[in-house]
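2 protein chains.
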Amino acid sequence: MSQPDTPSNLETLSAALEVGELQQLRFMLNKGLRPAEVAHLLEKTPPRERQILWNLLHKNLEGEVLQYLGDEAQADILSRMEASEVLAITETLETDDMVDILQQLPDRVMKELLQIMDQENRERVEQVLSYPEDTAGGLMNTDTVTIRPDITVETVLRYLRRHKEIPEMTDTLFVVSRKGAYIGVLPLTRLLTTDPDVLVREVMNTGVEAIPADMPDESVARQFEQLDLISAPVIDAQGKLLGRITIDDVVDVIREDADHSLMSMAGLDEDEDTFAPIMKTTRRRAVWLGINLITAFIASAVIGLFEDTIDKVVALAVLMPIVASMGGIAGSQTLTLMIRGQALGHVERSNIGWLFNRELIVGALNGLLWALVVAVVAVLWFQDLTVGIVIALAIVINLLAGAMAGTLLPMILKSAGIDPALAGSVLLTTITDVVGFFAFLGLATLFFA
Amino acid sequence: MSQPDTPSNLETLSAALEVGELQQLRFMLNKGLRPAEVAHLLEKTPPRERQILWNLLHKNLEGEVLQYLGDEAQADILSRMEASEVLAITETLETDDMVDILQQLPDRVMKELLQIMDQENRERVEQVLSYPEDTAGGLMNTDTVTIRPDITVETVLRYLRRHKEIPEMTDTLFVVSRKGAYIGVLPLTRLLTTDPDVLVREVMNTGVEAIPADMPDESVARQFEQLDLISAPVIDAQGKLLGRITIDDVVDVIREDADHSLMSMAGLDEDEDTFAPIMKTTRRRAVWLGINLITAFIASAVIGLFEDTIDKVVALAVLMPIVASMGGIAGSQTLTLMIRGQALGHVERSNIGWLFNRELIVGALNGLLWALVVAVVAVLWFQDLTVGIVIALAIVINLLAGAMAGTLLPMILKSAGIDPALAGSVLLTTITDVVGFFAFLGLATLFFA
Chain Z
1 MSQPDTPSNL ETLSAALEVG ELQQLRFMLN KGLRPAEVAH LLEKTPPRER
51 QILWNLLHKN LEGEVLQYLG DEAQADILSR MEASEVLAIT ETLETDDMVD
101 ILQQLPDRVM KELLQIMDQE NRERVEQVLS YPEDTAGGLM NTDTVTIRPD
151 ITVETVLRYL RRHKEIPEMT DTLFVVSRKG AYIGVLPLTR LLTTDPDVLV
201 REVMNTGVEA IPADMPDESV ARQFEQLDLI SAPVIDAQGK LLGRITIDDV
251 VDVIREDADH SLMSMAGLDE DEDTFAPIMK TTRRRAVWLG INLITAFIAS
301 AVIGLFEDTI DKVVALAVLM PIVASMGGIA GSQTLTLMIR GQALGHVERS
351 NIGWLFNREL IVGALNGLLW ALVVAVVAVL WFQDLTVGIV IALAIVINLL
401 AGAMAGTLLP MILKSAGIDP ALAGSVLLTT ITDVVGFFAF LGLATLFFA
Chain C
1 MSQPDTPSNL ETLSAALEVG ELQQLRFMLN KGLRPAEVAH LLEKTPPRER
51 QILWNLLHKN LEGEVLQYLG DEAQADILSR MEASEVLAIT ETLETDDMVD
101 ILQQLPDRVM KELLQIMDQE NRERVEQVLS YPEDTAGGLM NTDTVTIRPD
151 ITVETVLRYL RRHKEIPEMT DTLFVVSRKG AYIGVLPLTR LLTTDPDVLV
201 REVMNTGVEA IPADMPDESV ARQFEQLDLI SAPVIDAQGK LLGRITIDDV
251 VDVIREDADH SLMSMAGLDE DEDTFAPIMK TTRRRAVWLG INLITAFIAS
301 AVIGLFEDTI DKVVALAVLM PIVASMGGIA GSQTLTLMIR GQALGHVERS
351 NIGWLFNREL IVGALNGLLW ALVVAVVAVL WFQDLTVGIV IALAIVINLL
401 AGAMAGTLLP MILKSAGIDP ALAGSVLLTT ITDVVGFFAF LGLATLFFA
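Taken in sequence, the protein lines are chains Z and C.
Residues in the first sequence are numbered consecutively from 1, following full-length UniProt numbering.
Residues in the second sequence are numbered consecutively from 1, following full-length UniProt numbering.
Among these hints, one or two may not hold up.
Pairs count within a copy or across copies, as identical chains cannot be separated in the list.
Within a straight-line C-alpha distance of at most 25 Å, the following computed SDA-like cross-link-like pairs (lysine to any residue) qualify [to be verified]:
no.	residue 1	residue 2
1	Lys179	Asp150
2	Lys164	Leu227
3	Lys414	Trp381
4	Lys59	Gly207
These are calculated hints, taken from the structure and not from any lab test.
All chains, full assembly: derive it from the sequences and hints.
Here it is as structure tokens:
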């Protein structure tokens, strides 16, 4: 939160690093800032400085700071640690936060770490690890406060008072049967407003559905958003209470899911470290450029088919990028709307027909509008009516192609199990380039033949 | 949450609408689903069906459902209502949710509504309305539970038990002075584990900083994420407690901010209704296409400068999209990373230098790699060494241009108060198209002269 007039944490840090004032830095990292703030500071620091800062950090803060870092930054720091070091700094964390960190370890280190862990911890960790990272089970924590339905509110209050501390983010107690089956919840706010003589059974809320451990994390997030939950119980297939999910972990899911679409459409990963080192960045970007180069070559090949026509009418070479570009822009608007719609759960089989029709009509209307504009400009520019007719037709065709591809690609890719945000934009561009160049140069070849 | 085997809510609805089974629909909307689920259903329904469903909804549920709809869908429904109707259905909502809805009203209706509102409500609404929508004041609610520091925990417990209900999402009580100044918080969990004879003063937490009412909402969101808050006190400039912000509203901010970058980069609004009607969609998209058409014409104008060269070597027309496309792809990767970095607060004046250098080096390395590949293909394809040399040079130049534009544009736009996510991609494409075509065709003109 940098203010225009006061130096930001990062500026203080850079200044201190430059003059080598490690004492001041050490104080800032270990006393002045909260672990989440230190993590934020590390994330906006280039690799070399980040390493220096990390080394200045007190051992017993490392785990806390680590859990607030993005996956890639975590992996980077963990890659320089032994299993025993990782264990030492993560031991005090909540199980789900610990597991989040362990998941960034190479398999070899992870196995080693599980071996040296004490049994109780290992069992807890292995339970959470047994569920995929992106399910309710992978998000949950085992620090629930459970009560029986047949005791009085007074007994609950006495029981709580004997505890020194109730786990963070506890807004509700979970009511379970003798066998551990989930029955309902007793919110703290209700506990506080109820007559002490009443039984838990009489005031508990049985209307809160528990979350099955295998529910995908985006469904968990939607449930939290729709029901305004702070925490929710997680159960296994037999209805046994396994743990709970808290809103702080759900917020991370929401943030990551939303970032995912944005970053994937540019071929980037949502966990991407903003300050990733040069070689790592170069390698990853190279892959994406290579994939897009194939697209570009396909477009060139299409143009190559019409070399003779271009040779005759050089104006075509001048105007052809307009056709491809308009189709690409219109298509990517449709694609983006669809990808967001899928992420929000707005798009399904039964309403895709309406969307497809709307996009086609919108594409046709905008196609006609802009085709006219471009045709007029082209005719005035090159003093050639045929060029105007050809480009107008090609633009309408390509905007329709963009609308179709933009609507259907995300549906097709999703049902094929391919991420539409990642593959959609490359495929869309390929289609609008090919259709655009082919329609424009093909029609020109007919008209000028 | 559609399962492959059971029909989704939407499918049940479509089927019921088709056969006109309004009875079943009415039951589903008013009894079967929660307000948030009805809202989600409305959002994935085309305009005509949406209107039918809305009419079937019970009056006393309309306000609840409305508050879960996106801004655009809200505005659409509200546009067909009188001020008195809007008042009737929103009266029972929490102040912040009510204000959220009122903000979608045309000014005229809003004024009318404030006039017919009772005084107590009007004062509350006007207080929240006096803060911009995207600040802490605009997010806050006035339903706080406050206590004095000089009473015992026992007194607090008795005071709460006299309440029938504590406001939703209350995880903590706020401790205020006699004059209403914010002093600290007393979490319910601590209240429950403390000896009843202890004074509030002795157990309250004074380490939770209150949020100033004018703090921008993204800073509020960051504070909630960093400190894992469920609710936080909001104060005015004098330190007086005004209300509180709860995590459910912060989750909306996070979701909207994250969607904002994705949607803006395609010239769309984050509040965009997935099922917006045809004419509305056409008009909005037309604007974006028009802006991008200017870019396309600029690119064409650059190509037009080199008509003679293209006339001589038609291979240039075939290959030129590759140069522009590679620069555009590389540039938009940098741009996306920067825009996400700005949204996460990772990028500031003191680290932009490092990022700029890294992007330049990455651009140069990938430029050299792919320039070589493209050159080899071009030489083999057209049997012309000069074409290979020219395209290789142009690709390196354009990837460097993309890296520079991708890094600097977001910084420049942001300090000029222009949204980088909205303007960035258009400007970037203009730059990489112009540089790409100019470098390639310009060099070709020199080499083939």
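Hints, verified against the model:
1. With identical chains, the CA atoms of Lys179 and Asp150 are at most 25 Å apart within one copy only, with a shortest distance of 14 Å there and 44 Å across copies.
2. In the homo-oligomer, the alpha carbons of Lys164 and Leu227 lie at most 25 Å apart only across protomers (22 Å), although the nearest pairing inside one protomer, at 31 Å, exceeds that limit.
3. Within a single copy, Lys414 and Trp381 get their C-alpha atoms no closer than 44 Å, and across copies no closer than 37 Å, so neither meets the 25 Å cut-off.
4. Taking identical chains as interchangeable, the C-alpha atoms of Lys59 and Gly207 lie at most 25 Å apart only when they sit on different chains, with a minimum of 24 Å there against 45 Å within one chain.
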